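The letter at position 245 of the first sequence is residue 257 when you use my numbering, and the numbering goes up by one with no holes.
Note that these hints are calculated values from the structure, not bench results.
Treat the hints with caution; some may be incorrect.
Below 27 Å or equal to it, Euclidean Cα-Cα: the simulated BS3-like pairs (lysine-lysine) are [to be verified]:
1. Lys547 x Lys508
2. Lys547 x Lys446
3. Lys385 x Lys424
4. Lys455 x Lys494
5. Lys506 x Lys455
6. Lys467 x Lys455
Just so we're clear, the structure is a prediction, and the values are computed from it rather than from any experiment.
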Amino acid sequence: MNVVSLITNKRAAEQSCLALLKSCNSLSKFTQIHSYIIKLGLHSNPLVLTKFTSTSADLNAISYASSFVFSPESDTRLYDTFLFNTTIRAYAQRNDLKTKAVKFYNLMLECGVSPNKFTYPFVLKACASIGELNLGKSVHGSVIKLRFCDDVHVQNTLVHMYGSCKGGILFARKVFDKMPKCDSVSWSAMIGGYARLGLSTEAISLFRKMQISGVCPDDITMVSVLSACTDLGALEVGKWVESFIEKERVNKSVELCNALIDMFAKCGDIDKALKLLRNMIEKNIVSWTSVIDGLATHGRGLEAVALFEEMIRAGVAPDYVSFIGLLSACSHSGLVDKGREYFDLMKKEFNLVPKIEHYGCMVDMLCRAGLLKEALDFVQKMPIEPNPIVCRTLINACCTHGELKLGESITKRLIGNEPMHESNYVLLSNIYAKMLRWEKKTKIREVMDKMGMRKVPGSTMIELDNEIYEFVAGDQSHNQHKEIYEMLDEMGRKMKMAGYVPTTREVLLDIDEEDKEDALNRHSEKLAIAFALLKTPPGTPIRIVKNLRVCSDCHSATKFISKIYNREIVVRDRNRFHHFKDGFCSCGDFW
DNA sequence: TTAGGGTTAG
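Construct the entire structure; sequences and hints are all you get.
Here it is, written out as structure tokens:
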């Protein structure tokens, strides 16, 4: 065989390898082709493997392939932009290997290979999910240096990246404001950034600006807008968004329908969420889970369980999240036996290993049912370490059941593990208040002050005429505060006549009974309800959203108010919904 | 021969 035919054959072999790799989409096929490549002496040519990394759908195979491409034997002179781009993309798509995408980007620069306009969206996407602002900033620096900042794709990914990094939202807005031309992706990235951070009012007001700008929102924009409504509990705005979607004929993708379902479920209209699910032709696990979880938080546990069963019959396999919804349904509705049954079924039938969240649901369920001993036993036997959420559940249960000493010791241990978490100190200080150990309580507050910590103040939001009002305890900032406090006095008189007794044991302050009553009477929930009674016609349902759990005095007072004023009152607190009507609450005083 | 924004829980 002469040299020419050897070269021809090698080229031919290379060509046929490329052709084979083009259709290769699995690891097993790849390893087969790879052995040919090695036999033919082509393994040092990364370009052959580039073909594979760019076409393969199997991400494990890509890891395998790139380990050869970037082996020490490879001829680095043959590395090119496309090779790096495909490798970076492959890793940027893999949740567990995002940092590798950035590593390959750095290697690209080290090898002297120039990035192009396709490189940055991949790298920035990886930075976004890593969430480190400084990393993102340094990549942004390269974007500027290499003059790729005029590309709208790159700009949009920059907005997304900053919007996903802790402390980056102002930088996102800076990039966004400087963009000469925004498209629907730019607006969605910025609105989505606000929504993810819980800056929901900003998200909605930016959406209004988008409408003025004349750029048409699409289904993806609307998903973020809806998630902002969901966060605020703003049902009226949410309903308006729904009619906007209809009117503008926005593509009703599965994701958009899911966002609508979740909005209705979390803004208090669970029946509407259920109706939307029924009307969806193509539904996925998220659609089902949103409603199951919605039913759970509305205290309709049996219906949640029934819907879960229906989902399985429909051939949709439950996942980790749907089991959280299901178990929390059992927990919120006191279905202890059902909960235990499903917890076992999760492993046996569906091959899902329970995670800490599922153990958390079980502990919560046992504690709510008053089975504190069993809950403690359960935690001790858990194969994973209890997380702070599980510990706090136990501590709360200890407080409710008068096991203050035990509560104190768990809280002290928790503070040892999590010294910067302010809610642990609040717990301990509340335990001391219940023990009437005021001097210890004062000491805790001093420690908190020294560390610059503050208790999250309770606040209640209410939506009236498309405006959102927020109240904090003792709030006097509202321009109608005089009328509101007069209304509160009237409510108090009528409630007492009807048999209401203030639950002063809830007031964890060292003050006399009369002052305790006064403190209770100024809780943000009561202020918001008084405001609603003043501003809405008789018979109109009242919906409020509380940032913390509703306290038992407000719970009892709201029952009286619903009867005295003949109003349906829907309260969303941090954990669940309470529907008050005719002096009763849907939670059956069990929350 | 490659590109950008989104949904469920905790």
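- Check each numbered hint from earlier against the structure, then list the numbers of those it violates in ascending order. 2, 4, 5
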